[in-house]
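These protein sequence lines map, in sequence, to chains R and E. First residue of the first sequence? That's 1 in my numbering, and the numbers climb one at a time after it. First residue of the second sequence? That's 1 in my numbering, and the numbers climb one at a time after it.
The hints are simulated quantities; they were obtained by calculation from the structure and are not laboratory data. Any given hint could turn out to be false.
The list treats identical chains as one, so a pair stands whether inside a single copy or across any two.
[Stated by the list, open to error] Straight line, CA to CA, 25 Å or less: simulated DSS-like cross-link-like pairs of lysine-lysine: (1) K231 to K202; (2) K356 to K202; (3) K21 to K202; (4) K21 to K356; (5) K231 to K356; (6) K21 to K231.
2 protein chains.
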Amino acid sequence: MQDPEAEAPADADAPVELSEKLTEAVAAALEQGDLERAASLAMPLHAADQADLLEQLGREDRAVLVAQLEPELDPELLTYLDETVRGEVLEQLGPAQAGAAIAQLETDDAIDILEDLDPTEQMALLETLPTPERAAVEAGLAYPEDSAGRLMQRDFVAVPEFWTVGQTIDYLRANPSLPDDFYDLYIINPRYEPVGSVPLSKVLRSRRGVLLTELRMKALHLVPVEEDQEKVGFTFRQYGLVSAPVVDAHGRMLGVITVDDVVDVIEEEAEEDIFRLGGVREGDVFTPPMRTSLHRAPWLLVNLGTATLAALVIAQFEGTIQRIVMLAALMPVVVSLGGNAGIQALTVTVRALAMKQITRANMLRVLGKELLVAGMNGAVLLLAGGSLVLAWLGQFDLGVVFGAGIIMTIIVASVVGVAVPILLDRVGLDPAVASSVFVTTIADVFGFFAFLGMAAWYLT
Amino acid sequence: MQDPEAEAPADADAPVELSEKLTEAVAAALEQGDLERAASLAMPLHAADQADLLEQLGREDRAVLVAQLEPELDPELLTYLDETVRGEVLEQLGPAQAGAAIAQLETDDAIDILEDLDPTEQMALLETLPTPERAAVEAGLAYPEDSAGRLMQRDFVAVPEFWTVGQTIDYLRANPSLPDDFYDLYIINPRYEPVGSVPLSKVLRSRRGVLLTELRMKALHLVPVEEDQEKVGFTFRQYGLVSAPVVDAHGRMLGVITVDDVVDVIEEEAEEDIFRLGGVREGDVFTPPMRTSLHRAPWLLVNLGTATLAALVIAQFEGTIQRIVMLAALMPVVVSLGGNAGIQALTVTVRALAMKQITRANMLRVLGKELLVAGMNGAVLLLAGGSLVLAWLGQFDLGVVFGAGIIMTIIVASVVGVAVPILLDRVGLDPAVASSVFVTTIADVFGFFAFLGMAAWYLT
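Here chain R stands alone, though its shape is the one from the complex (with noise of 0.2 Å):
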């Protein structure tokens, strides 16, 4: 997907960058009311960059830059706004012109856009696209959400097997309808099933007489249309891609997926894996503060309920706290340690299946290595733990016990901190979801336990 406004003739100066002196000097020239100074401040940005600029503006003024620019509204800007902010964006330009505007984008963009919002915004939307437009849209939208599907461009180059180098270029030359930037022609047998393809620069080179399939082409790595975009982003990454065609059930090709796609999705299936160790759903800090917490809520309540079950096991040791009430002062550093190796367990292992380097291979050896790992730094915070106590209480016995609960929930935590990620994975879950809750639950209520049982058995 280049930007059309990103062609200039020769001539033209580098692009113009966004940068925070330019941020300021925008909301500066709004604040005073300069509107015009904000809008000629604003033009000759790239869109993508148009787009974070908004985003850094309060929504009134947001508001103001947009109906200022409005006339010469660069479409390809919705593509880039963040979700929350081109909702508002969306309903600032009413249906007509929002329509208007997702009309000249690819398909997979007014995909992109039309998915993320609610049925009947989506319905009043598609209704006013022209017929060609609105059919490939829903074409799209009839895909699973996430899947190759959505994501892949229905406008790719095609030529049969037999045909030669010259035939290429004429037909290239003859039809202005085909895509304007691709990166590799795909050749299909009669079955319209791509059997290879040929980069431009091999065609290029070649004398016109040549046959396609005499230049050494590409294998293939089929893409089927239903495939999850996780699985796509994987594919282009593991194989070195530039595009791989996508498929139907039958073999057949419907689209191209190219690497500047799978950009947005690698990214996006990092930022995943980094909000749900977070325990955050979404990590748009331009969703009101209302939905934000709705999202962050439930995560919090959870809590509440897990650190109640610790609460609970350290309520048993009533009577042991109260006749040494430094244990009351220890105990959280045993469970901070634990917590602490557990995640450190967890965030290898979450990474490592994301990356799929943890099969039923070698995931004992992995689980084997972390154990050894937990069992070396117990010892030394064992040692380094003991001596604090020793030094601080003067108390031999209550570092002996502290320095043991920390080793034991260190051990303990990191052991689930590598299991409940892979059985996750192993059942289909995404391993990062509420692995980390699972692994601090664990670290607290083991960790009570342990140093309280002991310190009630061998010290009281």
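Got chain R sorted already, so can you dock chain E onto it with the hints?
Structure of chain E alone, referenced to chain R:
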């Protein structure tokens, strides 16, 4: 970087992809000592899959399989291996054979392998390379780590501004030493400065007499050779680029970076954030236990220090806890909720900073929003937590103190979760580094102090 092995004649079957079954079949064959079967299963795989297969085997099995594959080892395999495993394989091959393999790689891949080695190993391998390859690799290694200079490909196609399509095609056909695959032609002026680029699809579709400058060229996003790869990744993603020219301080063209190189960078950068947030220095599941332990122990020792700070706070309230032992059971709940809310705010902020969504212009707005969210979720948990204590222990006053402790800690931890990464970013540090330790320490220290302090003042 297309893998030469991925090229096949037109009638080649779809490539074999690695599956768990296949990995297990290879492992089983190795166990039975059927080396030929193991090799015959591994051989048809893409080099990237061979790398994954080797990674998933145990150390000894790996060495045996490498020895078996060695006569026909695809040099690309080395580029796909994880750093630790690659070190083992290079050692097994020995400098002469390893050097011969590296000499066959593209320069940027060779640099990628050599930059990870220690200086003596690096020197030993460099000495085995033929002079031109060695010079190219050394020139690449002279650029800073993680800079555009190390990512770029030095082979590119640049043509003068006054050429026609016909001249260009003749030049391409006459020069077999030009790179195999490329997607854009660069147009340079007499000072060797890139002034524009033309996608190959445009060249293919134009008549021979057309001047290149008449084709609508893409505006260029020039990448300075010293630019950090993170910035390069951002530029590609932001503007949807497929390739970009790399220039020296005088604006002269030195090389080209293509989007497939950037895919790896984007992955790496996202991975770095995941690891730093998880308190892990590197996520290599294949790193030996001893080194992993050394990487992770410092973080746990820092954690021991910060948790001890929190313990010191608790110790100040020994008397209060002795009187109301249930405080000891409830206080971990307060800090756990605060910590989790803080980590949520932190996760979103770190990610938004990486996406350059937070700048001076909107940082106060972001902080204000998180404050609002913290207030709302704090109120929800105040009610839920307070009721829980009332139901469990039947103590209204304790419920009030507990709820108040929760909301205060959530608010403080959330502000810290937003402010710390923004401050780190402002002073030029990575916002993901050490942010989570700050947030949990503040949640612990403040939470214990607020909860126990209120209890001491209000309940006793």
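Comparing the hints with the structure gives:
1. K231 to K202: Answer is neither; intra-copy 29 Å and inter-copy 32 Å both fail.
2. K356 to K202: Neither: 34 Å inside a copy, 39 Å across copies.
3. K21 to K202: neither (45 Å within a copy, 37 Å between copies)
4. K21 to K356: For K21 and K356, only the inter-copy Cα distance (14 Å) is at most 25 Å; the intra-copy one is 43 Å.
5. K231 to K356: Within one copy only: 10 Å inside, 27 Å across.
6. K21 to K231: between (40 Å within a copy, 18 Å between copies)
Checked against the numbered hints above, the structure breaks hints 1, 2 and 3 and satisfies the rest.
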